[in-house]
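*Asks:* With chain Z held as given, fit chains L, S, F, C and Y with the ligands onto it using these hints.
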Amino acid sequence: MLKDITVSFAPHISQPLSTRRVMIDVAVGLLPAMAVAGIYFRIHALLLIGTCVIWCAATEWVCNQIRRKPNSLGDFSAVVTGIILALSLPPGLSLWAAAIGSVVSIVVGKMAFGGLGANVFNPAMVGRAFLTASFGVMMTTWTVPASIDAGMPDLSSDDTVDTRTQATPLAWSKTAIKDKNEAKTYSSRLLFSTVTGEVAGSLGETSAIAILLGGAYLLWRKTIGFHIPAAVLGSAFAAAAIAYLVNADAYVQPFFHLTSGALLFGAFFIATDPVTAPLTRRGMWLFGIGVGTVTMVIRILGEYPEGMMFAVLLMNAVTPLIDRLCKRIPAGGRPHA
Amino acid sequence: MTDDLKDGCTFSRGVHPPESKHLTEDRPIEPGPAVGELSILLSQHIGAPCQAAVMKGDLVEAGQRIGECQAFVCAPAHAPVAGKVKELALKPHPVLGRCQAITIEAQDPTPPSLPSFDLPADFDPARYKPDEICEAVRDAGLVGMGGAGFPTSVKIQPDAKPPKHTLLVNGCECEPYITCDYRIMLEWTDQVLAGIRLAQRACGASKVFIGIEDNKPKAIEAMSAAIARAGSTGDIRVVPLQTKYPQGGERQLINAVLGRTVPTGGIPPMIGVVVINVATAAAIADAVLYNRPLTHRVVTVTGEAIARPGNYYVPIGTPVEALIEFCGGVTEKSAKVVMGGPMMGLAIADLTTPITKTGGAVTVLTRHQIGQAKFERRQTACIRCGRCLEVCPENLNPTRIAHAVKSNLLDVAESHFIGACIECGCCSYVCPANIELTGYIKTGKIFLARQRKKMPA
Amino acid sequence: MATDSDGQTCVYKNTLLAGLWRENPVLRLLLGMCPTLAVTAAVKPAFTMGMCVVFVLVCSNVMVSLMRNMLKPHLRILMFTLTIATFVTIADLLLKAFQPDMSAALGPYVPLIIVNCIIIARAEACASKNPILLSIVDALSMGAGFTVALCVLAGIREVLGTGKFFDIQVMPKAFVPWAALSMPVGAFLTLGFLLGLVALITKKRS
Amino acid sequence: MDTVYLLITGFLSVVLINNLVLTKFLGICPYLGVSGRIDMAFGMGLAVTFVMTLSGTLTWLIDHMVLIPLGLEVTRYVCFILVIASAVQLVEMYLRKFFPPLYDSFGIFLPLITTNCAILGLCLFLNLWGIDSLLEAVVLSVGGGIGFTMAICIMAGIRENLRMVDVPECLQGAPITLITAGILSLAFMGFAGII
Amino acid sequence: MMILASIVDLLSSAWMAGLIMLGLGFVFAVILLIAHEKLKVEVDPRIVQIHAALPNIDCGACGFAGCGGYAKGVLENPELIGRCSPGGAAVAAKIAAILNLQASESGPAQRPIVHCRAHTADRTYYAEYQGIPSCTAANALANAQACKFGCLGFGDCVRACKFDALHIIDGLSTVDYSKCTGCTACSKACPRNLIEMVPFGHENMMTVACSSKENGKTTRAMCQVGCIGCGLCAKQSEAFTVADNLARMDYAQYAPCGENEAALNKCPTGVIVYRGKTAPPPREPKTKQAAAKA
Amino acid sequence: MRSIRHFFEQSWLLIAASFFFGLLIAITNAALSPKIEQNRNSKLNELAGGLLPDATAFTPIAETIEIQALDGKQQRLVVYRATTGDRTAGWVFQVVGSGFADKIELVVAVDAAFATIAGFDVLASNETPGFGDQIKYSYYRDQFKGAPTDGLTLVKGGDPTTIDAQIVAITGATVSSTAVVRAMDHYLPQIKTQLQQKGLIGHGN
Ligand SMILES: Cc1cc2nc3c(=O)[nH]c(=O)nc-3n(C[C@H](O)[C@H](O)[C@H](O)COP(=O)(O)O)c2cc1C
Ligand SMILES: Cc1cc2nc3c(=O)[nH]c(=O)nc-3n(C[C@H](O)[C@H](O)[C@H](O)COP(=O)(O)O)c2cc1C
Ligand SMILES: Cc1cc2nc3c(=O)[nH]c(=O)nc-3n(C[C@H](O)[C@H](O)[C@H](O)COP(=O)(O)O)c2cc1C
Ligand SMILES: Cc1cc2nc3c(=O)[nH]c(=O)nc-3n(C[C@H](O)[C@H](O)[C@H](O)CO)c2cc1C
Ligand code: SF4
Ligand code: SF4
Ligand code: SF4
Ligand code: SF4
Ligand code: FES
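Residue numbers (my numbering), protein chains in the order written: chain Z, 18 to 354; chain L, 333 to 789; chain S, 26 to 231; chain F, 18 to 212; chain C, 105 to 398; chain Y, 2 to 206.
Bound-form chain Z, shown alone (with noise of 0.2 Å):
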């Protein structure tokens, strides 16, 4: 009567939420950003962004077929990974270093572990500092967005930088800390531009406004909590408030630290990728706190202006201890021997 019934374990039915879904929904939620670096970076960010995508597409591909596992790009994390790394890459950027950068991004950081959900380091950064360590200039030249520089070319050629470059907001904040001076003016002169995203700086970091817009894209669809954003904007903020209040001349207000740089853009973005962050709630606080507190550490006290994305692999070493912590006790309690 009944042909080719299956079984299997309860439960036999799930809620309609897949991989593939939850990371559709993080590229949506990168859409605004993904458009102000369009709009601001031109061309420029899009063969950025498609150079990534593809290269990290591409990699994951030759992985799995090296090691002779089914094909898992169907579940876009690799998509996502790519549009995170190009959204942290300065716009100048030459295509054949992003390339690198994913192949590494993918390679190291992921397949090396086993693939999704296998890796310690969040992928994207991984790939992101490896560029750092191996193309110090060409990571920290800051291109100006179009919007400032009208002549802005079409596509910029392999070996020469010639669009206007600029230093980025925090670059002029580092160097109000090393001249003690001046940080009052900076702040006020930048703070509107960092909300709208009009300076310069990596792709999708400039903008708070297209930031936000895509963070609480993904916070009503539950496809992040609200704990990680809050710790790391949170601590941060306290941070940049002693900062300013012990030397205001040399330390800019602390809104100003929440928009520019990566800040926001890691709190919503890259501290919140679920498979590098601690699993319990209680973690994620602690998590979050820990990338807050390291990026104002490195931003404050550190050689280099930005510190997002080391805070970010430095608290992904250390969310296997976090999450032994926080382990989790059962409703019972302890069980008696």
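Bear in mind the hints are in silico, worked out from the structure with no lab data behind them. It is possible that part of the hints are untrue.
As the list claims (entries may be wrong) - Derived lysine-lysine pairs resembling DSBU-like cross-links, with alpha carbons at most 35 Å apart:
no., chain 1, residue 1, chain 2, residue 2
1, Y, K36, S, K189
2, S, K229, S, K121
3, F, K114, S, K154
Quick caveat, the model's predicted, so the values are computed rather than measured.
*Replies:* Positioned in the frame of chain Z, the structure of chains L, S, F, C and Y with the ligands alone reads:
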């Protein structure tokens, strides 16, 4: 009592799958099919299986005891119909795979008739001695009908240590699709209440709460009205609970109603609470007042694939096949036959599997209901999204436990309290990666049990 | 203690090349990882390091082999350490005298040869149980394996990290060096993937 | 005040910025070998910290009290390693005899770390950095040990997780540990300049 | 002369270093010897033996804190033999000798026999199993495979075998007797207890490769090659007995003789087979033979 | 008495070996130390020769040049005069900067008029390979050839091939790069003034 209905009594975490009860909730209990051959499994409960008391070829009466008990935690079996013992052989069992069973060829296959039930006007549980109640329940072969199948007589045993202060009646029926308990509460209200009072009398509990989810307002109303009618009992209360799965799990129910927590690895009696299901309560009344053994039960046959879903009164031992056929067969392309509901039920392969005392439903799911991805087991790796942790009613770390089992690290699984899992399935239900977390946890428990048996301390 | 009826603890003459692959101290036995990582940013220091290790290995194996019948069990490790430390000091002095540049480049990693597990491992496993000649062969074989492994690693890192090989430009002008490979991260990653490759080859073979 | 500041910065520098494992490649053998489980890693870290403090201090004293006054710097390596080896062996025997529980929990790590280059390496670096106060030598030795403990515990945490995922077969064990260490050393670069 | 002079010259500047080192050596020798005498601790002699067999370089490659730790660990858990990579196979052999692993064997070596011979095509399935690919899991989900006694073919035993001596071939667990060491891991892993450790007194052993206790009719319905308990074999040879619808071989009584051979040939379902390094392929069941002839 | 004999039975080898090895080390050291010393000097000469290829001889000048070191202490500096025939080809001296890991010893050569730098080389440094030790690489050093002797500044990013007072930092090694520039900025003007005072070079632009 309807006036102090309050919402929102519940436990933490859990999920809310689509209820899908509309298929059968308005269908009154009807007699099931006439069956020619019934197989009474000798192990339908937790504890030692009973021993066959008849031989091949013996003639048996309806209600005759055919399986005897040798152990304390055990329940006898009875013949639902008159007929001849056809054979003693292995028959498919929903949990054990195959199990000894007594197959009875019915003398004249007729549809079962619904039990008549007139509560004497002067019914007073105080007239029964607790021991008598317990003994009658034991003789009737009663086991928990809510799913776990623990012999009820052991549960409600008088003078147990520690003393029982509360009797909780489980009318939640939190599983999607199933409506047998609901119909019992609506139609056999007085019988349920009588059973509750008898159970209370037996175990000596001073307080009784009947927990019912707030998606069954009619049942709440009916039970409350019955209590009011009975008049005497100020100590029985209906507690409406928020609709959420697994509200009916006893640990969750106790937490929701009493705000107390059963210790991990423990059972409700440890904190002085007895939990019984409403169908069990009805059967207690049957057993004590009418001396009727547990030979029939109400089964919800449901699912989008069933042509004529409904709630049926069927003899225990009826093959699932016969039931499905009786309900008009399947309409759509069916994908899975589940004994029980879709969250905790057991998928069965062999449709000659007989109905057991604990099996309140047969759900035939279609691919559409299961979801194509789940049907084809399209899994990705765990993305550590933490959703499974968010819903686990026992506050466990399902992904960690499951992956430890998968990687054969049983010590890690144990260190994350694999034993505390109630196998509710919430974690698997929400997992976007479609990982069979509950399945791995179940498997891990089996591994561990075997390991312990092989290596005695 | 039985010596070499089991054949594995010491490399025989006919398997002079065993140290290169089958029992390569770095790639197969994972011994002496610290210098392997530390001095392989370029081929020249790596090669120099290899030579130093060969020198110390040969000398200490000879000495230990000479003393092998006089060793007392609980002072044995102390004797080994003393011997090795002496020859490392001599190697360091020789380097300072004849290869001052390399001496500066290798810095503290030359004295750290003292605690390089390879040397004490060979002293214990081979020289303390075998005659001099065999000990020397063993030292050469192991030393060669160490040197080759270092040079392979250094070669990869130097070419990609600086575009040069043995200080000679080999990559085209347009190549932008991947500086990360000259940094600590490059050492770890390259060795990690190299070991992975070795494991792959070994598995394929068996 | 100045000394305190100096000590703090020195300490942080040797823990974070000049981490012996991640930037100086010292003690890689135990780092690869004993980082499989957190409790083992932590015990190892404690033992290294202990021995490092002991031998850093001792060798600094011998260097400055005996060798430099006598002009015998050339025997420095021999003296250092002998001092370390004997001191550790003594401590180990002592613990084993008089404090068996303590020995069981961390004494078993002691022999392993005698031949570990992190110890000798730190002594040599103290000399190379021209540390000329005993206090500073002690603080840096402790810091070196703590840096090692931190690095090995982080790695152990990661490796405990990696047991449950599908790391490519040829990369299991030492290779993936090295790759992880590489990324860690990248991450620690972020601390450059904070002191 | 010149050379001698320069040597004297060198020596005169070197004696100081020599003396210092002498003193140093003296001091350490004193300290360590005294410590050795005073701080001696008694330990299990086997630990000392194992320790002595190890390379004693305390490299930590075994995952223990040094050779001492490994010596202790391997004593407690012999599965850890072979973890010492510098020592290699030779050291592993020595440790095994010290732990006396082989010495416990008396009589013929134990080897596993899988008591099922049905390949996927021989079996009946009621439904498609879509669960976790593990025998233990599949066994918990009742009855996808009709025979409740037969090999499930998900290879829990294969995963348990550390020697690559088991493989699933067409859904049936098959032992490679040339690789098997008789470690019993597989027999512990099988959730259906199909794998029995058997004293292998001969190159090949005869066995009834079935475990089904169903009655003959049911067995036939579920499996083409199951034991139907007909008892023909027991009539041919003493070595066979039938109980619970299942024939069994008494391995202690087994010898390659005509009677046993006859039992094998009489078996209608071909469930009596040889297992071993050079075992001939199993006979086809009578029904299949008939079908093939027709 | 017996225990002393026991002791010597056990440890004579260790003691004897200690003595023997001590001698071995000391002899080696004695034999090699002149060579090691010589290496240092010849390296200076060789480096200087590389920086001022025209020069045929380097002679220390007789005048005392007193300068203030980076840490504030006064110290004497040996300045070599490089000559081609009898014409002064330039000046060579050694300065010390404080680098990332340790001090950096530099050999600096300037032209005869002390107006532009002829070049520098690294005598000793302990900068991290791949990071700070890139100050030895020509792409970094060549920036100094022809740069003015005062007012050097360090910039991040830019074209290292243009010769001016702007020195482009090594990426990821700002500290090392700064150390070189700072050492130059600190010492060169001091030495220049002293040489001018001693009348060895003219006062001019
Ligand atoms: C997600 C993300 C992470 C980043 N992390 C870092 C970082 O860790 N360090 C860094 O120097 N720049 C990082 N950047 C780039 C900086 O945000 C930004 O471009 C910086 O202000 C560059 O300033 P600079 O030119 O002064 O170096 C990151 C960018 C993004 C989008
Ligand atoms: C996850 C879970 C859900 C359950 N849901 C119900 C339910 O909806 N209704 C019910 O009566 N019992 C349910 N049970 C069984 C109860 O926990 C408990 O065993 C039962 O109510 C006891 O009554 P009984 O012995 O009369 O069956 C559930 C158990 C679990 C573990
Ligand atoms: C392991 C390690 C070694 C380093 N070695 C050096 C070095 O030798 N010289 C140097 O100037 N900077 C070195 N740095 C980097 C400095 O700490 C500092 O971050 C850098 O000089 C800042 O340069 P940037 O502003 O160009 O990024 C090293 C950093 C790390 C993490
Ligand atoms: C909320 C969210 C954030 C993510 N962020 C990142 C990211 O920062 N970098 C990245 O490589 N992948 C990111 N991913 C994709 C995916 O999790 C990642 O590729 C895995 O780490 C690969 O195993 C993100 C995914 C989600 C759902
Ligand atoms: S772990 Fe167990 S109790 Fe928790 S949600 Fe999963 S099945 Fe339910
Ligand atoms: S719900 Fe699924 S994907 Fe999410 S953490 Fe749990 S197991 Fe992993
Ligand atoms: S023998 Fe047992 S464990 Fe092995 S595959 Fe068959 S059923 Fe599974
Ligand atoms: S697990 Fe052991 S007994 Fe079983 S096949 Fe493998 S080696 Fe033989
Ligand atoms: S080589 Fe450094 S610890 Fe072994």
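*Asks:* To test your reading of the hints: which numbers does this structure violate?
*Replies:* Structure breaks hint 2 only.
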